[in-house]
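Based on the hints, put chains B and C in the right spot on chain A.
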Amino acid sequence: MKRKDMSQLRAFWNEFKRVKFGIVGLVLFVVFVLIVLLEPVLMPYRDANDRWRDMTYWLDSPRNAKPVWVNWFTAKDYAVAEVLEPTSVTESQVGSVRMITMEFDYDFHYQRPPSDLQLVTRLTGNASVQMELIRPDGETLSYQRSTSSSGTRELRLSIAQNLQDKVFRLAIPFADADVIAVENPETIDAVATLFAVAGPGMLRDTEPLEGNYVCRLTVALGSSESSVDAAHVIIAGGVAGWMGTDASKRDIWSGLIAGTKWALLIGLLTSFVSVAVGVVYGVVAGYFGGWIDSMMNRVFEVFLSMPLLPILIVMSAVFKPSIWTMIIMMCLFFWVGPVKTVRSMALQIKENTYIEAAKALGASHRRIVFRHLLPQLVPYAFATMALSVPAAIVYEASISLIGLGDATVVTWGQILQDAYASGAVLQGTWWWVVPPGIAIALMGMTFAFIGFAMDTILNPKLRTR
Amino acid sequence: MDNILEVKDLELHYFTQKGVVKAVDRLSFHLKKGETLGVVGESGCGKTTMATALLKMPTPPGRIVGGQILLDGDDIMPLSESEIRRRVRWERISMVFQGAMNCLTPVYTIEKQMRETLQQHRQMDKAETAERMRKYLNLVGLSDDILKRYPHELSGGMKQRVVIATGLFLEPKVVICDEPTTALDVVVQAEIINLLKSLKEELGLSFIFITHDLSIEAEVSDRIMVMYAGRAVEIGTNEQIYGPQGSAHPYTQRLLGATPRLHEEVKELSFIPGTPPDLLDPPSGCRFHPRCPVVMERCPHDDVWVREVEPEHMVACWRC
Amino acid sequence: MYWRYAVRRILYAVVMYAIVIFIFSALFNAVAETTQMAQITEQVNAESRGVQQASQMRPEEIQQWRADRRTQLIQQYHLDEPIVSRIFWRTLNTLTFNLGQSTQIRSSAGENDVWLVIKERIPRTLILFMTAVVIDVLIGVWLGLRKARKAGGLMDRTTSIVTMVLYGLPSWWLGMLMIMIFAFTFPIFPSGSMHSTPAPTGALANFVDLLYHMALPVIALVLLRFWGRAYITRNIVLGTLQEDFIMSARARGITERKVLYGHTLRSSAPPIVTMSLLALLASFGGALIFEGIFSWPGMGNLYWVAVQQNDVPVLMGNLALTTGLYIAGLALLDLIYGLLDPRVKVGGKA
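Chain order of the listed sequences is A, B and C.
Residues in the first sequence are numbered consecutively from 1, following the numbering used here.
Residues in the second sequence are numbered consecutively from 1001, following the numbering used here.
Residues in the third sequence are numbered consecutively from 2001, following the numbering used here.
None of these hints come from the bench; they were simulated from the model.
C-beta atoms are modelled at their ideal positions from N, C-alpha and C, and glycine is treated no differently.
Take these hints with a grain of salt, some might be off.
Taking lysine-lysine pairs in the DSS-like style, the calculated list, with each CA pair at most 27 Å apart, reads [said to hold, decoys possible]:
hint	chain 1	residue 1	chain 2	residue 2
1	B	LYS1033	B	LYS1126
2	B	LYS1056	C	LYS2119
3	C	LYS2258	B	LYS1126
To spell it out: a stretch of chain B is covered by chain C in this simulated footprint if at least three of its residues, at any positions, have a beta carbon under 8 Å from a beta carbon of chain C; those stretches are [stated by the list, open to error]:
hint	region
4	1004 to 1012
5	1015 to 1029
6	1087 to 1093
Calculated from the model, a selection of chain B residues having no Cβ within reach of chain C, i.e. all distances over 10 Å [what the hints assert, rightly or not]:
hint	residue
7	LEU1055
8	ASP1074
9	VAL1107
10	GLU1128
11	ALA1218
12	THR1237
13	ASP1281
14	GLU1297
Extracted from the complex, chain A is given alone in its bound form (with noise of 0.2 Å):
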C-alpha cells in the first residue's frame, strides 16, 4: 500500500501544479513565510512585538502620520517624519562652566508643515538649557530655561505644547492685525506659523516657506557631574513609515509585520488540529459503524447546534482567554467541519474489497484504518485545512475586534480594534483600517486559492477543460 499512496500523492502534486490559481497561492504562502521569517529585517521597529502597547517606545513618532508614499499622489507634499541628530556639537569653557552647542540642520522642502517640532534631550545635574530656531529668512525663535536636579531627567520641547507664545510673538510683526487681534497663541497652528512665509497670512492662511532651519541648542553645564547626551530633533511630519501611523503614535507596517506570523500561527494550528481531529472522528465513526458511530453522531450533532461565534464571544467574554487559550477554543468547535464527509467516505471505502482482505488476512483495526482509510483522505484533510485556515484567522479577529482579544499579542485583529475603538472610521483615518484589512484578506485568499485548487482536483466532475 505505500508505494501506491506515494504514487497517489504524486499524481496529486502533479494534477495541483496545473491548477494555475493553486500555485499562485502556493506563492503567496511563501511569500508569507518569508516575510515571518524575515520579520528583523522588515520591521523598522525591532522591538515592536513586545513594546506595542508602550507608549514610551514610540514618542518619537507623529501621531496619524499618513505613509510616505501618500506623497508620490499629492501635488503638495507633507512633511516627512524624522529624526536629527547633531549636525555640529561644539565644546567651549567659559570659567567653570562647560558650554555645548549643538547644532541641528532641517531641509523643509514641503508644502504641508509637520505637526510638531521637539528638541529632546537628556539632562543630568545642573544644567541650562537655551534653544534658537533659525528660519531660513533669518527670524529667530529662543527659549531658554534653567534646570537643577541631580538626577537624569527628560527635556522635551514641543513648539506645538510648549512655545505658542513665542510662535505667536514672531509672528505679530508680520501678520494680519485683524487676525492678530481675534487669534492667540492658544488659537493658531503654532507648527504651521513657524513654517510660515512672513507675511499678513502668517497665523491663518499660512503659504509655508520652504529652505533650510537650523535649530541650536546652547547647553550651560554647571558642575563636573552634569551632562547633556542623546539630544535629537523631532520632526512629526505628516507622512511616516510604509503604512503611516496610528492614533498613538505606533508604526503600522511593523504592527502588520508582526502580526502576520500570528495569522499564519492561529490558521494554521487550528485548521490543522481541528481538521485531524475530525477526520479521525469521521473515520471511527464510519469504520467502526454500530452504536460507536451513534454515540459519535450524537455528540456530533449537539456541537453541529452551537452557533460558533457567539459562543466565542460570551466564552471569551467569562474566561478571558490567551491567544493560546483561544485557539484551543477555535479547535473545540472547527472538528466538526470535516466529520460529515469523512464519514461517509469512510462508509465507501469500507465496502471495499480489500478492506475485507486485510481483515482476513488478520490486520488489526488500527492498521486498516492507518494504512488504509487514512492515506486516502489526506487529500481531502487538506483541502478542507486550507479552507479553514481563513476561518480562524477572521474568528481571531472578530473576537479582537470585540475588544475580548489577546492585547499582549500583536495581531491584525488587534490592529482593527484599536482603529475602530478610537474611531478611526469616523476620522477617515484610512491606512489604519485599510491595510489590516486587506492582510485579512490577503491570507484568506492565499489558502483559498489553495483550498480551491486542490479541490477541484478531487472533484473531477466539476472540471470544464
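Showing chains B and C alone in chain A's frame:
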C-alpha cells in the same frame, strides 16, 4: 424506399485531453420499415454512442464528424439543432433509455414530464394530453394513477414502461431501445420483451434494439448488427447469425460460442482471449486482429469494412 | 408523510436546544452564580432600606430580617442546592425564557428583565439578516446558473477567482470601509443605526427611512457573500447537468431553457438550498459583529454592549436566544429541503 433509416459512413469522435477517440468509425447500416435491428457488442464497442449520434446528441466532448443519416430519405445531418429538436427528435425518432432508474427527472411527477414532452411537440390542451397519456400508459400495461407519482415511487419495471410509453406516444417512425431490460429481473424482462414485440405489431414501428445479451437479441431481432471497437463487423438476418450454419465473422462466432447452452454439457467455458482495444490507440488494420483466432497476414495492415457476402449478409473480414 | 418528518425534525430541534442550553448552563454556572449573589445582595439592601423606613424595627431586627430575606432569595433561586441541581434549574429557567435581570443594560422601555431586553432586538436582527439572505440567494443562484451554462468560459473563471479572492475577507471590515467611503467621504448613506433622529412620521416615510438605513449594511453583506452562493450553485448544477435524466429530457426535444431552469434547477434545488443556508447560518456569527459596526440595534449589537458593560446575565441570555434562533434556522433548513425533494416529501415506493 423500403428503408426507414439509412446510415452511411457515420463517424463520431470524442475529443479528449489525451487524444481523439474514434468511438464510431465509418459505420454503415440500414433499417427496414417494420423490422427490428438488433445491435450487439461488448461494453465500449460504441453501441450507445451510435444511438446518441442517431439523435444528433453526442455526449460532450463528442462530435459527429462525418457521414449521413437518412431518415425516410431525408438527410438529417445538415439540419440545425433547433430544427432537429423541433421536428426530428422524438417526432420521427425516439429513444427508450437503459437503466430507467435515472432517466426520469426525480423532482417532477410522471404526469408533468409526459405532458411537457407532448406539449413541446404538439398543440394539445390539457384534456387531449391526458387522453394520449392514458392511452399509451394503458398500452404498456399501466393505469393512469401513476401519473401523480414521482419516479422514485415506482418499481424498475414500472419506470421502464413509463419510458417506453413516453418514447412511443408521439408515434415516431423509429424507436431506439438502448438496453431496456438490462437492469430488470428476468420475469420483468420477459414482460417487457413481449410488450415491445406486440407494440411493434400494433403500431407498425421499426426498432433498433441495443443489448449485450445475445439471447434477448435472438428473441426480438429480425436482423442483427455486430459491432466491435466502433465498427460494424457483421450484419445479417437472425437466421444467418444464429442459424445452424453459424455466422461468418470470427468475432461473432466466438461471441456466440462463449454463451453456454442449456442443453449441452459444458466442460469449460470458452472465452475470447485478450481485452477490448483501447480506442485512443486502436490496433491497425482490422481492429480484431490481435484477438482473432484465424488472423491472416494482411489483417494488421489493411482496414476492412462490411461487404456483402450473400444477400442481406455483410461481413468485415478478409477471410470472407 | 411529510408531516411526520416535520414533527420529528422539530422535536429533534427542541431536544438539541435543551441539551445545548444544559451545556451552557454548566459551563457558565460559576460566573452566573457570582452575578446572581451580587444581585441578591443588592436586592436585600434596597429592600431593607425600604423596610427600615416603613416600619420601626430595631437594628437587630433589621439584621435578622435581612438574613432571612437573603436566605429566602437564595432558596428561591435554588442556590443552596447541590451543583447538578443548580445547573438543572438554570437550564429550566433558560428554556422557559426566565433569564434573570441585567446588571446594567435596559430595554428601550427601561426594563431590566433580560428577556425583554433581548426580545425587542430579535426582529431587528431578523429584518437585516433575512433581507440580506434573500438578496444574496437570488443573485447568487442566478449567477451560479449562468456560470454553469458557460462552464469554463471567461465569466465563469473570472467570477471563480473573485470568489476566492474575497474568501477570507471579514464582512465587518468591508462594512467599515463602506462606512468610511459612503458615509463620510461621500455622505450618501447614514453611518449607522436603524432610524434617523428624529424619526420621521408616517408609515411610508418611516419605511423609507428604514430602507435608507438598511441599504449600506445589506449591500456590504450581500456584496461579499453572493459569490460563494454562485460558486456552490454552479458546482451543484454542473453535477446535475451530467445526470442521465437531463440527457433524456434533451432527447425528448425539451428546449434548453426548460431543461436548465426547469429540470436542472428544480433538481438541484435541494442541495443548493442546503448548502446555501448552511453557509449563511455560518455567516450568522459574522453578521453579529457587523451589527456593532453599523450600530444596528439588534442582538449582535447587544453582544458589543454587554461585553463593554460586562453585563453577564445579558450575555448569557443573548447566547441562549442566539443559539435558539440558530437551531431553529437549521430545522427550517431541513424542513424546506423536505418540501423540495419529493423523495422526502412523498417518500417510499408505491
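Hint check, failures only:
1, 2, 4, 5, 7 and 9
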